[in-house]
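Could you put the whole structure together from the sequences, leaning on the hints where they help?
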Amino acid sequence: MIRDIQKNRIKEFLQVKGLDWKVLILDKKTHEIISPLLKINELRECGVTSHFMLKSNRNRISDTPAIYFVEGNKENVEIIINDIQKGLYVGFYLNFVNSIDRRTLETLAFELSKKGVAFQVKSVFDHFIDFISLQNDLFITNLKFSFKNLQNIETWKGITNSLFGVFLCLNQKPLIIFQKKSDENFVPKNISKMLESKIKNFEKIQSSRKKPLLIIIDRYFDLISPFEHVWNYSALIKDLMEFHLNRVQIEDEKEQNINYDLDPSDFFWMKNQNEFFPLVAEKVEKELLEYKKEVATQNIKENINKMNIHTVLEKAPEMSRRNEIMHSHMKLCLKLVEKIKERNIDDFYKIEKSKYKKNELIDISEKGNEDDILRLAISLIKKEKEEILSALLKKRNINNSCFEFVKNNINLNTEDISNTGTSYTSVVSNVLGNIKKLLPLNTDMPISILVENIWNKFKNGNVDGYDFYNLDGTGLCYDKEISSIIVFCLGGGTYAELKSLKVLENKIQIPIIYGSTEMLNSKEFTEQILELNKN
Numbered sequence: 001m002i003r004d005i006q007k008n009r010i011k012e013f014l015q016v017k018g019l020d021w022k023v024l025i026l027d028k029k030t031h032e033i034i035s036p037l038l039k040i041n042e043l044r045e046c047g048v049t050s051h052f053m054l055k056s057n058r059n060r061i062s063d064t065p066a067i068y069f070v071e072g073n074k075e076n077v078e079i080i081i082n083d084i085q086k087g088l089y090v091g092f093y094l095n096f097v098n099s100i101d102r103r104t105l106e107t108l109a110f111e112l113s114k115k116g117v118a119f120q121v122k123s124v125f126d127h128f129i130d131f132i133s134l135q136n137d138l139f140i141t142n143l144k145f146s147f148k149n150l151q152n153i154e155t156w157k158g159i160t161n162s163l164f165g166v167f168l169c170l171n172q173k174p175l176i177i178f179q180k181k182s183d184e185n186f187v188p189k190n191i192s193k194m195l196e197s198k199i200k201n202f203e204k205i206q207s208s209r210k211k212p213l214l215i216i217i218d219r220y221f222d223l224i225s226p227f228e229h230v231w232n233y234s235a236l237i238k239d240l241m242e243f244h245l246n247r248v249q250i251e252d253e254k255e256q257n258i259n260y261d262l263d264p265s266d267f268f269w270m271k272n273q274n275e276f277f278p279l280v281a282e283k284v285e286k287e288l289l290e291y292k293k294e295v296a297t298q299n300i301k302e303n304i305n306k307m308n309i310h311t312v313l314e315k316a317p318e319m320s321r322r323n324e325i326m327h328s329h330m331k332l333c334l335k336l337v338e339k340i341k342e343r344n345i346d347d348f349y350k351i352e353k354s355k356y357k358k359n360e361l362i363d364i365s366e367k368g369n370e371d372d373i374l375r376l377a378i379s380l381i382k383k384e385k386e387e388i389l390s391a392l393l394k395k396r397n398i399n400n401s402c403f404e405f406v407k408n409n410i411n412l413n414t415e416d417i418s419n420t421g422t423s424y425t426s427v428v429s430n431v432l433g434n435i436k437k438l439l440p441l442n443t444d445m446p447i448s449i450l451v452e453n454i455w456n457k458f459k460n461g462n463v464d465g466y467d468f469y470n471l472d473g474t475g476l477c478y479d480k481e482i483s484s485i486i487v488f489c490l491g492g493g494t495y496a497e498l499k500s501l502k503v504l505e506n507k508i509q510i511p512i513i514y515g516s517t518e519m520l521n522s523k524e525f526t527e528q529i530l531e532l533n534k535n
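Using full-length UniProt numbering, read the sequence shown as starting at 1 and increasing by one per residue.
In case anyone wonders, no lab produced these hints; they're calculated from the structure.
None of the hints are false.
Each computed DSS-like pair below joins lysine-lysine, with the alpha-carbon atoms no more than 25 Å apart: (1) K358 - K407; (2) K395 - K383; (3) K459 - K507; (4) K385 - K407; (5) K7 - K144; (6) K502 - K480; (7) K480 - K210; (8) K200 - K189; (9) K383 - K436; (10) K198 - K210; (11) K407 - K181; (12) K271 - K292; (13) K271 - K339; (14) K355 - K436; (15) K335 - K283; (16) K74 - K55; (17) K210 - K189; (18) K198 - K181; (19) K331 - K292; (20) K331 - K283; (21) K367 - K357; (22) K7 - K502; (23) K339 - K436; (24) K210 - K193; (25) K394 - K357; (26) K271 - K286; (27) K198 - K157.
Ranges of calculated distance between the beta carbons of each label pair, as one might list FRET restraints: (28) K181 - N8: 34 to 42 Å; (29) N442 - F267: 26 to 34 Å; (30) I510 - N462: 16 to 24 Å; (31) S401 - W21: 54 to 62 Å; (32) K341 - D467: 47 to 55 Å.
Being a predicted model, the structure only gives us computed values, none of them experimental.
Idealized CB from N, CA, C, for every residue including glycine.
Listed below in structure tokens is the structure:
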């Protein structure tokens with residue numbers, strides 16, 4: 001939903017009436033917004049022949065118009081003024097990702113009028129689409145080191161602008177709900193106030209009978225989950241590979257980097273990204289086997305009846321794309337298996353999710369790398385003695401400052417669900433080899449438990465312990481008036497949490513969209529905590 005809407009809004013301003021061909025100028029922020037949405041061929045369909053970065057050295061193309069899609073800050077506007085004065089393009093269509101402030105806009109107008117070139121600017125628009133849609137049910141504000149900077153007022157402004165853009169795209173005023181706290185520095189409370197003020201002062205977002213329920217939480221609510229070892233496909237890819245803005249990078253056998261796009265154009269990814277890895281490996285093998293059977297069948301048909309050649313040719317591009325996708329996933333699975341074996345990820349996951357014996361803890365203390373041991377110790381904080389976990393870290397000479405931070409800031413009110421267990425499955429897969437074919441008995445996580453609890457309270461008309469803002473000013477509304485639930489995590493989210501929320505979505509039968517300031521893995525989260533500890 002949210003991805004499709006944002007994509008269409010961008011395509012609208014790219015397809016300027018009367019401009020068959022044009023160039024597109026982007027900055028770093030807008031390049032990251034557009035890259036998961038539009039591929040090169042889709043830009044071509046919009047009449048974009050080439051795209052350039054704003055700060056790159058660009059040659060004059062005097063017979064071609066240019067569409068700019070950039071931030072409206074002072075530095076960018078100075079470059080735009082210079083481009084127009086030099087006559088780099090035949091016409092300039094300016095599109096700002098957020099609102100350009102009055103003073104900067106006046107500077108733009110004054111400088112261009114002074115040189116007599118203001119007529120070259122054909123249009124100026126603010127678009128308020130400062131967020132990145134990774135999927136229809138997943139978006140980020142792409143604020144790096146957002147957990148470390150969670151108390152920074154500029155971070156709050158950035159988050160507010162992004163959430164405002166989301167609801168402007170949806171054209172719905174949300175009901176905002178967050179945990180009740182008296183602390184004036186409680187970030188969800190401050191973000192909610194800022195968002196409420198911004199939406200109320202903007203008349204274009206309509207009131208409607210149906211509205212989204214926006215649940216704002218921060219990472220301090222659950223510090224443990226980002227450290228836990230993961231077992232579903234998307235979370236493993238984020239954990240063990242370079243995965244950013246829907247693009248994963250792996251090394252081939254020649255040690256050269258290969259990029260794969262894991263996005264809505266990939267049917268297998270959309271269907272299986274949240275599945276546990278043993279099931280994915282099995283499905284990849286089955287899909288490839290089915291493809292080979294289909295190709296063999298087509299060859300037989302072609303030999304029997306030459307009239308079928310037309311049908312075969314029609315199916316060829318689709319089958320070729322399917323083959324390409326499945327071979328990509330086979331390579332990803334094989335690379336994951338290699339990394340899982342190397343670090344005994346399956347053993348760590350099993351201990352964190354099940355009851356274990358002391359000798360198992362001793363055995364695993366020799367396995368994995370230092371990051372795995374730190375993650376294990378943090379994951380067991382609620383169910384193991386502190387001296388045992390400290391000894392575990394000391395044995396491998398691991399800095400315990402991250403462990404101490406989590407221990408001192410842990411939310412003791414979150415439910416410990418780590419002892420719910422795992423089961424072995426009858427998965428048939430040659431890819432997995434001797435990797436444990438584990439399936440958790442429970443997919444709940446603290447975030448899904450919290451959301452379900454809020455939803456149940458909401459249905460009963462009693463949200464004790466939570467504050468809320470209804471931007472229509474009508475008080476708490478009925479559950480039947482909620483069109484979707486948007487869960488936004490300040491300080492970073494995870495793909496494991498996305499999976500748990502999608503399981504909850506099926507349970508409560510209402511669409512859930514997951515948003516966060518950034519998508520994290522344990523390594524990235526550890527880096528932020530270590531930086532935070534330095535201050």
